[in-house]
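*Asks:* Listed here are the chains, written in short residue letters.
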Amino acid sequence: MRFPFSRYKVYGNSMLPVFKPGQEVLTFNWAHFFSRPKIGDIVVIKVKGKEIVKRIQKLCKDGYFVQGDNAPESTDSRDFGPIDKSKIVGKVIVVVR
Amino acid sequence: MSLAGFLIKLLPVKPVFAHCDIPCGIYDPHTAQLAAKTVLKMVQKINELDSSPAKPDQNDNLTDRNNFVRMVMVKEEHAELCKKEVLILWTDYFKDEHLKKFPNLHDLIWKTTKLCSDNKRMIDEAKAQELIEAVDVIADIFEQTKK
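Quick mapping for you: the protein sequence lines, in order, are chains A and B. The opening position of the first sequence corresponds to residue -19 in the working numbering, with each subsequent residue numbered one higher. The opening position of the second sequence corresponds to residue 160 in the working numbering, with each subsequent residue numbered one higher.
Since the hints were made in silico from the structure, they are not lab data. Careful: at least some of the hints might be erroneous.
Chain A regions said to be covered by chain B (calculated; three or more residues, Cβ under 8 Å) [said to hold, decoys possible]:
{"#": "1", "stretch": "8 to 15"}
{"#": "2", "stretch": "25 to 36"}
{"#": "3", "stretch": "52 to 62"}
Idealized CB from N, CA, C, for every residue including glycine.
I would like the entire structure built from these sequences, with the hints used as guidance.
*Replies:* Below, the structure is given as structure tokens:
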């Protein structure tokens, strides 16, 4: 089982204006043990071995459709398709700085 | 600093990525447009060279032949660069939502890259002009997707 919290530093522009590159965020990695991921949640997901941060935009029958807030500069479910719940590492709960 | 803040700072910090496969915001059709214009310029210069009268001096003839080879090389390189840049936009930048809005995009890219190949094979001002116009249409679509 994962440690309940992780601290991440954001690289890239796809979550602007909410997260700027260099900002740190805290995730709660047990959030989805207690409740289902919801539309609007900002989550850290694992895609092709890489942890990326995106927002859940809609729920599809084959998973969760995630997208960057800064859509023109984001690679997300529009490219790799909806993701399974098991790919969600944690939910962002705090911006550290 | 609060206790929570202090505890958070004790956690190791890991990277989380909010960008594309390569750093974002670097897609730009400008390189393809410049390359297409260079192709036209080279075609015009080759045509000028061809229509100039033969020179009695052998050194002048050698210079012309040297220039001709260089112009063909530059035309070749820039037609290839144009093709590469257009394909990068196609494979890495344009997404499903853009295709829905511009349903002719696949066909347009296909025809534009074919024009790049045509311009490598031929010395035809009309084809070079056609390439510039096709790349401009792609650039216009690109700009509209940024709005």
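*Asks:* It remains to establish, for every hint, whether it holds in the given structure.
*Replies:* Do the hints match the structure? See the list:
no. : hint     : result
1   : 8 to 15  : violated (count 0)
2   : 25 to 36 : holds (count 5)
3   : 52 to 62 : holds (count 6)
In the structure shown, a violation is registered for the earlier hint numbered 1 alone.
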